[in-house]
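Engineer: Model the placement of chain B on the given structure of chain A, informed by the hints.
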Amino acid sequence: MRIVLLLVLSLLGCSCSGSIDEPVSYFNVETPRPFGYVNGDEIPQRIVIETRSGISLQPGSLPGKGQINRWLNLNRVTIKQSGQRYQIDLLYQVFYAPLEVKSLTLPGFTMQLSQGEKSISQNVPAWTFTLSPLRELVVRQSEQGEYMRPDSPPPLLTDTQALYGLAASLSVAVLIAAYLGYLYGCYPNMLRRTLFKQALRKLAGLSKADMERALTIVHHALNSLNGQPLFSNRLDDFYRRNPQYLQVSSQLAWFFNYSNRYFFSDGMIAVAQDLQQLKDLCEQCRKIERGSR
Amino acid sequence: MIRTIRHFTLWAALALSLAAFVYSAGTLYGIHHDNNLIRQLISGKDVAVNKVISGEPELRLARAFYFKQKHRYDEALSTLSLVMDKGDRNFQAKARYNLGNLYLEQAVQQAKTININAAMPLAGLAKQAYRQALALDSGNWDAKYNLEVAMRLLPEMDRVDIPDDSPINQKSQLWTTVPGFPRGLP
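As they're listed, the protein sequences go chains A and B. Under this note's numbering, the first sequence has 24 at position 24, and the numbering climbs by one with no breaks. Under this note's numbering, the second sequence has 428 at position 135, and the numbering climbs by one with no breaks.
Heads up, some of the hints might be wrong.
Below, computed lysine-lysine pairings styled on DSS-like, alpha-carbon distance capped at 30 Å [as the list claims (entries may be wrong)]:
1. A:Lys102 <-> B:Lys405
2. B:Lys338 <-> B:Lys379
3. A:Lys287 <-> A:Lys197
4. A:Lys65 <-> B:Lys379
5. A:Lys208 <-> A:Lys279
6. B:Lys405 <-> B:Lys363
If you anchor each label on the Cβ, the simulated ranges turn out as follows [stated by the list, open to error]:
7. B:Gln362 <-> A:Val48: 46 to 54 Å
8. A:Glu136 <-> B:Ile407: 18 to 26 Å
9. A:Arg70 <-> B:Gln362: 30 to 38 Å
10. B:Gly417 <-> A:Val48: 34 to 42 Å
11. B:Glu449 <-> A:Glu136: 16 to 24 Å
12. A:Ile79 <-> B:Asp430: 21 to 29 Å
13. B:Ile409 <-> A:Ser25: 53 to 61 Å
14. B:Arg382 <-> A:Ser103: 28 to 36 Å
15. B:Ile407 <-> A:Val29: 44 to 52 Å
16. A:Ser207 <-> B:Met294: 36 to 44 Å
17. A:Pro107 <-> B:Gly319: 51 to 59 Å
Derived coverage of chain A by chain B (criterion: at least 3 residues anywhere in the stretch with Cβ under 8 Å from a Cβ of chain B; other residues may be distant) [stated by the list, open to error]:
18. 40-46
19. 66-77
20. 128-141
21. 146-156
22. 173-184
Derived from the structure by calculation, the hints contain no laboratory data. Each residue gets a CB set at the ideal place from its N, CA and C atoms; glycine is no exception.
Just chain A, with the same shape it has in the complex:
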């Protein structure tokens, strides 16, 4: 029982003291390795601070951009705030030429936090690091005297942007020209290669009752392919110019015969099989025009 009482008391004690009274609930200075820097290096320092609500950071109390002392510059100060959490990134740059490994100190400073009219200070401690020399103590000599690094060669102009512009404008021009060419009928061969494709598409929706229309469609496709109306007595001439269609000569003969009978004799009744045969013919012709047969 006594132990339980003690536990409860200690828990109460913990909750009473601690972060509620503290104006700053979290404070940390994050710095990189404290060694291995050389003249001209940049050293980042991150300060993370979390305050109680109602307390805000005074940005004016942070060190200002520019020269801090003879050998130290502050190049960038960025403050990121999310709620009561502040993340302050300082970027220092060292300009110091030591003769041997030398220990230097980033100066500390005091940040001001304000709560209404009250002001609270928070110390950022100084940070010590070591700086190494780049040159040996007894310096080698070149013909001109002291050895120094040569000039940086002047850069060439970049042509990437102009190349992209060239490629983009050229491709747009070619596309538009191609489309205009299509509109102006500059690709008769391309149209000839889609004659039976279009005919097949039109035939697909037809039934045996539309036999007249189906026959007209196939006639139209053959006429367009021939360049002039094609009749059965001129088939030889057609084969001479389009020898690849000899493969379907028997089917074509049937087609002209059937069309003749359909249009010029009475009492002809179309059956579904005829329409199917017509579609088959069209399919064969499509394969020929596509070049796959």
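Structural biologist: Using the frame of chain A, we list chain B on its own:
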């Protein structure tokens, strides 16, 4: 009507894209021409002045590089000073590094002839240029090295250990020198 408009729009778009093509082809040709001039300058052959004056800052940087190789320091300096604020960050860092080298080389030469009075300001200018180059691009190792050369040539007095009470001294000094509030003015 709509078809006619579409038709004309297509022709206009074609004309526009062809114009853009001609323009970028011209730009590309200009870039290649300038790059040839830069290569020529790097290899140590001079080019006509008017080509450089009307050209890009890269061309001027190349000409300054050429002058420096030929030890014509004054001409190199006047050419470089024209491109200091031009170009992107990287270009400015390069220009400042080359400017630093220009000063440092002269400073080293003066120091060799024991002409310290001439060498000191040149080394100071070199250091300033290297610091600026490093502020723009802290990864430039050549600038770090040459800054160290300049700093050894002209060592800086360490003023880090000034006692902390100096502002107070200054303050009290200030109060003693202020004669008092002027009276009797309207």
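Engineer: Against each hint, give a clear statement of whether it holds in the structure.
Structural biologist: Consistency of the hints with the structure:
1. A:Lys102 <-> B:Lys405: Distance of about 29 Å is within 30 Å: holds.
2. B:Lys338 <-> B:Lys379: holds (24 Å)
3. A:Lys287 <-> A:Lys197: Within the cut-off at roughly 9 Å; holds.
4. A:Lys65 <-> B:Lys379: Roughly 24 Å separates the two Cα atoms, so the pair holds.
5. A:Lys208 <-> A:Lys279: At roughly 11 Å apart (the allowed maximum being 30 Å), lysine 279 of chain A and lysine 208 of chain A satisfy the hint.
6. B:Lys405 <-> B:Lys363: Distance ~19 Å between lysine 405 of chain B and lysine 363 of chain B Cα, so the pair holds.
7. B:Gln362 <-> A:Val48: 46 to 54 Å: holds (51 Å)
8. A:Glu136 <-> B:Ile407: 18 to 26 Å: holds (23 Å)
9. A:Arg70 <-> B:Gln362: 30 to 38 Å: holds (34 Å)
10. B:Gly417 <-> A:Val48: 34 to 42 Å: The hinted range 34 to 42 Å holds for glycine 417 of chain B and valine 48 of chain A, with Cβ atoms some 40 Å apart.
11. B:Glu449 <-> A:Glu136: 16 to 24 Å: Once the Cβ atoms are compared, 20 Å apart, the range 16 to 24 Å for glutamate 136 of chain A and glutamate 449 of chain B holds.
12. A:Ile79 <-> B:Asp430: 21 to 29 Å: holds (25 Å)
13. B:Ile409 <-> A:Ser25: 53 to 61 Å: With Cβ atoms ~58 Å apart, the hint holds.
14. B:Arg382 <-> A:Ser103: 28 to 36 Å: holds (32 Å)
15. B:Ile407 <-> A:Val29: 44 to 52 Å: Holds: the Cβ-Cβ distance is about 49 Å, inside 44 to 52 Å.
16. A:Ser207 <-> B:Met294: 36 to 44 Å: holds (39 Å)
17. A:Pro107 <-> B:Gly319: 51 to 59 Å: Holds, at about 56 Å.
18. 40-46: holds (count 3)
19. 66-77: holds (count 5)
20. 128-141: holds (count 4)
21. 146-156: Our answer is that it holds, as 11 residues pass the Cβ test (under 8 Å) against chain B, meeting three.
22. 173-184: holds (count 6)
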